[in-house]
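Can you build the whole structure from these sequences, using the hints too?
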Amino acid sequence: SQTIHQWPATLVQPVGSPLSLECTVEGTSNPNLYWYRQAAGRGLQLLFYSVGIGQISSEVPQNLSASRPQDRQFILSSKKLLLSDSGFYLCAWRETYEQYFGPGTRLTVT
Amino acid sequence: GQNIDQPTEMTATEGAIVQINCTYQTSGFNGLFWYQQHAGEAPTFLSYNVLDGLEEKGRFSSFLSRSKGYSYLLLKELQMKDSASYLCAVDGGATNKLIFGTGTLLAVQP
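Protein chains in written order, with this note's numbering: chain A, 6 to 115; chain B, 2 to 111.
Hints may contain errors.
As the list claims (entries may be wrong) - As a list, the in silico DMTMM-like pairs of lysine to aspartate or glutamate whose alpha-carbon atoms are at most 20 Å apart: (1) B/Lys69 / B/Asp53; (2) B/Lys69 / A/Asp76; (3) B/Lys77 / B/Glu10; (4) B/Lys82 / B/Glu15; (5) B/Lys58 / B/Asp83; (6) B/Lys58 / A/Glu27; (7) B/Lys77 / B/Glu56; (8) A/Lys85 / A/Glu27; (9) A/Lys84 / A/Glu27; (10) A/Lys84 / A/Glu64; (11) B/Lys98 / A/Glu64; (12) B/Lys98 / A/Asp76; (13) B/Lys98 / A/Glu103; (14) B/Lys69 / B/Asp6; (15) B/Lys82 / B/Glu42.
Rather than coming from a laboratory, the hints here were simulated on the basis of the structure.
The structure is reproduced here in structure tokens:
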């Protein structure tokens, strides 16, 4: 069965510091991968999606970037965090008719 | 444009039935998803509808009318653990991106 991992589970970072969040998927090949952000009390905002290695599409222009160095690895990065980057970051994978989310990383920028 | 509407909050009684509605306007349609999200946790997949009609899965059922741009999630025999946010999402195009509504917060009372 497929499993999706995200780490870390929680993170507290100062404004202006860099960020790297990692997501890996097991039990599937060439999945579509997605990064979402959910601000407190808000809906899910799609940040990036990838249909294959090295293929990244950005949905919202901002100070975040994403990379997919391997088929089942998806990384979200920032060079300098803003206060507004605080939120719940969720990685998801999609296969045909189902889309599943990882456990998420709760980021607080102070 | 792309738009998905759900009620913000609903309240229901333990043991009762509740229907959560979702209306959508998207440029394309490849299916509609429902997710359950407990506070502080990642969304979990509940159902997927691509054809008109009712899909039943235990206590949960989901209905779709493509001509009306309308779906509902029906929860029967409500339990306290069903208190959560319920997210409606539409796959609106060829890139398999899900567009999410802001979610309906359901409170189940004794």
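So, going through the hints one by one against the coordinates:
For the suggested pair lysine 69 of chain B and aspartate 53 of chain B, the alpha carbons sit about 10 Å apart, so the restraint of at most 20 Å is met. Under the criterion of a C-alpha separation no larger than 20 Å, the hint pairing lysine 69 of chain B with aspartate 76 of chain A is inconsistent with the structure, at around 39 Å. Of the supplied pair hints, the one linking lysine 77 of chain B and glutamate 10 of chain B holds, its CA atoms being roughly 18 Å apart against a limit of 20 Å. At roughly 10 Å between alpha-carbon atoms, lysine 82 of chain B and glutamate 15 of chain B fall within 20 Å of each other, so this suggested pair holds.
With a C-alpha separation of about 15 Å, the suggested pairing of lysine 58 of chain B with aspartate 83 of chain B holds against the 20 Å cut-off. Taking the CA atoms of lysine 58 of chain B and glutamate 27 of chain A, the gap is near 33 Å; set against the 20 Å cutoff, the hint is violated. For the given pair, lysine 77 of chain B sits about 14 Å from glutamate 56 of chain B by alpha-carbon distance, which is consistent with the 20 Å threshold. For the hint linking lysine 85 of chain A to glutamate 27 of chain A, the alpha-carbon distance of about 17 Å falls within 20 Å, and the restraint holds.
Straight-line distance between C-alpha atoms of lysine 84 of chain A and glutamate 27 of chain A comes to about 15 Å, which keeps the hinted pair within the 20 Å bound. Restraint check: the Cα-Cα separation between lysine 84 of chain A and glutamate 64 of chain A comes to about 18 Å, which is no more than 20 Å; the hinted pair holds. In summary, the hint linking lysine 98 of chain B to glutamate 64 of chain A is supported, as the alpha carbons are separated by about 10 Å, within the 20 Å threshold. Distance restraint check for lysine 98 of chain B and aspartate 76 of chain A: the Cα-Cα separation of roughly 18 Å lies within the 20 Å cut-off, and the hinted pair is therefore satisfied.
Restraint check: the Cα-Cα separation between lysine 98 of chain B and glutamate 103 of chain A comes to about 12 Å, which is no more than 20 Å; the hinted pair holds. In summary, the hint linking lysine 69 of chain B to aspartate 6 of chain B is supported, as the alpha carbons are separated by about 13 Å, within the 20 Å threshold. Restraint check for lysine 82 of chain B and glutamate 42 of chain B: satisfied, since their Cα atoms lie roughly 14 Å apart, inside the 20 Å limit.
Violated hints for the displayed structure, listed by number in ascending order: 2, 6.
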